[in-house]
Amino acid sequence: MLRILVLIGFTYLFMHLHASGNISKYINMKYSYISESAIYIFIFFTLICIFFYIKRDNPHDHALCGPDCGHNHDNEDNTWWKRSFTFFVLILPITTGLFLPTATLDSNIVAKKGLFFSAYKEGDAYSQHQFLQPDTTSYYGKNDYSELMDKGVKKLQKQKTITLGENNLLNDLETLYNYPGQFIDKQVTITGFAYKEKEMNQNQIFLLRFGIIHCIADSGVYGMLLDLPKDVQTKNDEWLQVSGNLETIYYQPFKKTIPVLKVTSWKKVAEPKDPYAYRSY
Amino acid sequence: MTTQTLLQMNTIFISIVIEALPFILMGVIISGIIQIFVSDEMIAKFIPKNTFLSILLASFLGSIIPACECGIVPITRRLILKGVPLPAAIAFMMTGPIINPIVLFSTFLAFGNSWSMVFYRGGLALIVSMIVGFVLKLAIKEPPLKNNHHKPVHYHSIKERISAMLEHSINEFFSVSKYLVIGSLLAAIVQTYVKTSTLVTIGNGPVSSHLVMMGLSYVLSLCSQADAFVAASFRSSFSTSSLLAFLVFGPMLDIKNTFMLLSTFKSKFVLLLCTIITITVLAVTLVF
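Quick mapping for you: the protein sequence lines, in order, are chains A and B.
Each step along the first sequence adds one to the number in this note's numbering, with nothing skipped, and position 80 is 80.
Each step along the second sequence adds one to the number in this note's numbering, with nothing skipped, and position 11 is 11.
Check before you lean on any hint, since a few could be wrong.
Stated by the list, open to error - Label pairs and their in silico Cβ distance ranges:
no. : chain 1 : residue 1 : chain 2 : residue 2 : range
1   : A       : Leu-47    : B       : Pro-206   : 53 to 61 Å
2   : B       : Leu-6     : A       : Thr-79    : 49 to 57 Å
3   : A       : Thr-79    : B       : Lys-49    : 39 to 47 Å
Unchecked claim - Here are the simulated DSS-like pairs of lysine-lysine, each with C-alpha atoms no more than 27 Å apart in a straight line:
no. : chain 1 : residue 1 : chain 2 : residue 2
4   : A       : Lys-112   : A       : Lys-196
5   : B       : Lys-266   : A       : Lys-196
6   : B       : Lys-195   : A       : Lys-235
7   : B       : Lys-195   : A       : Lys-198
8   : B       : Lys-146   : A       : Lys-82
9   : A       : Lys-82    : B       : Lys-49
10  : A       : Lys-186   : A       : Lys-113
11  : A       : Lys-113   : B       : Lys-195
12  : A       : Lys-82    : B       : Lys-266
13  : A       : Lys-256   : B       : Lys-195
14  : A       : Lys-160   : A       : Lys-198
15  : A       : Lys-112   : B       : Lys-146
16  : A       : Lys-55    : B       : Lys-159
Hints listed in this document are in silico derivations from the structure and should not be mistaken for laboratory results.
In this text, a Cβ means the ideal position worked out from N, Cα and C, and glycines have one as well.
Next up, chain A with everything else stripped away, as it sits in the complex (with noise of 0.2 Å):
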């Protein structure tokens, strides 16, 4: 009867989630067909254990059932406070997700996790090369590796203003940390949440948001520097959309070069109804 219950309560949760759009908080979308096909296997699993109970009343079915009739009796829930112990943990993630509210993560989180952009390292011969001769895209052409990027850069030096929204962020952002050097002076808008830490210059902020690979629990904070007009104050977790022209910076506490973005023009924006970035292959 309790796995009946269970059953239900794991099928209303996964349905609730994909009609309410809640989904889009947990996981990428590029994966809901997987959770989708759960909904069908479990609303399968219910139907199959309330038909098993309701056979399993039935004397007569009963009486059948001799010790090789290959149904399992060894069922290692055998106490009642085992049972109940396994249905409240089965539970938990039922209740609380059905009626705690969807946390959206901010810059509590990342404390915690850190600040790792996928910078290239100082003295990489690519990236030494950039910085010379900034139009070399014909010298590294041949490794695969290149290849990708350059379609990247090719991509990002045709337009006029790189707008990096939650869908192109995260692949837009490799190219502009991978090839700083290729876009200098480009003018690049950018919307995400403020975060700043200690030891930062005091016009000085990051701009993030929190980038989706499969579920929230794989994600990470992606984002630029931004090198503010003076006169702006930021909270954390604020929420802005910005444009200015990039340039690159040694950031002392990564020790790398990194981009940075002058910021001319900025507003205070909602929070976006799709608060994090997804990464689409």
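Starting from the structure of chain A, add chain B where the hints point.
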């Protein structure tokens, strides 16, 4: 502030559960199919007597069964009950989540479309599972399963078979998923309350950086299809070999998967297995 953190923890917890449950469902269904439709005699004929060959075969078998590290535990249990030798079954469990087309492809993408990481990851996983398999063969004499009374049964009709298969699948779902829930909860707590960023700053020496990356992959409990992207973000601060430690160790062992193992194996065996895997991965990636 604190309620917000609690809600964030819950959100991460739910997200891990939601991500893993479909794979568990798939795992228990495959396990049910094996239980009913694959006989012990078929397994005995199929698996080579030679330990080396049986591990090799089992490792590649893992690549055609699409199961992540949680879904694969019930399948492994079923295979052991069906008479698959322990080294081969454990090798299947360890390499299945790594040497599998989806995981290798995501590794290829995460490291900027390069094949070298894919080969290193797959190759090292195979080497580790070989070593662990042979050590287990020498060290383990009695079956390590918790519930190992298994009697071959015979079914008369196809209807009976399917009904028994479904019952097995559902029973297994309930015995395994509670461990998934506990494991996910712990992983979510670690992600929200433990400052993993300080962990990363410790790892500078050769041994310590490997240990840090392995510890990180253990506590983060990422799905093996996503972990390559996370590893790639550490590319600039960690050596390739320590990233490989992360990529090989994580799918074999992590918080939620340890709990899944506890659902199936005796705790003494789980402890031994964890120790052997940890030492082997560390040694193999350090030599690399």
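To see whether the hints hold, each was checked on the structure:
1. A:Leu-47 x B:Pro-206: 53 to 61 Å: Once the Cβ atoms are compared, 56 Å apart, the range 53 to 61 Å for Pro-206 (chain B) and Leu-47 (chain A) holds.
2. B:Leu-6 x A:Thr-79: 49 to 57 Å: 32 Å, violated
3. A:Thr-79 x B:Lys-49: 39 to 47 Å: 42 Å, holds
4. A:Lys-112 x A:Lys-196: Given that 27 Å is the threshold and the Cα spacing comes to 14 Å, the pair holds.
5. B:Lys-266 x A:Lys-196: It is violated: about 48 Å lies between the C-alpha atoms, which goes past 27 Å.
6. B:Lys-195 x A:Lys-235: The given pair, whose Cα atoms are some 22 Å apart, holds under the 27 Å limit.
7. B:Lys-195 x A:Lys-198: Holds, because 16 Å separates the two Cα atoms, which is no more than 27 Å.
8. B:Lys-146 x A:Lys-82: 16 Å, holds
9. A:Lys-82 x B:Lys-49: 40 Å, violated
10. A:Lys-186 x A:Lys-113: Cα-Cα ~30 Å, so violated.
11. A:Lys-113 x B:Lys-195: This hinted pair holds, its Cα atoms lying about 6 Å apart.
12. A:Lys-82 x B:Lys-266: 18 Å, holds
13. A:Lys-256 x B:Lys-195: 22 Å, holds
14. A:Lys-160 x A:Lys-198: 35 Å, violated
15. A:Lys-112 x B:Lys-146: Answer violated: Lys-112 (chain A) to Lys-146 (chain B) is near 38 Å, above 27 Å.
16. A:Lys-55 x B:Lys-159: The hint holds at about 15 Å.
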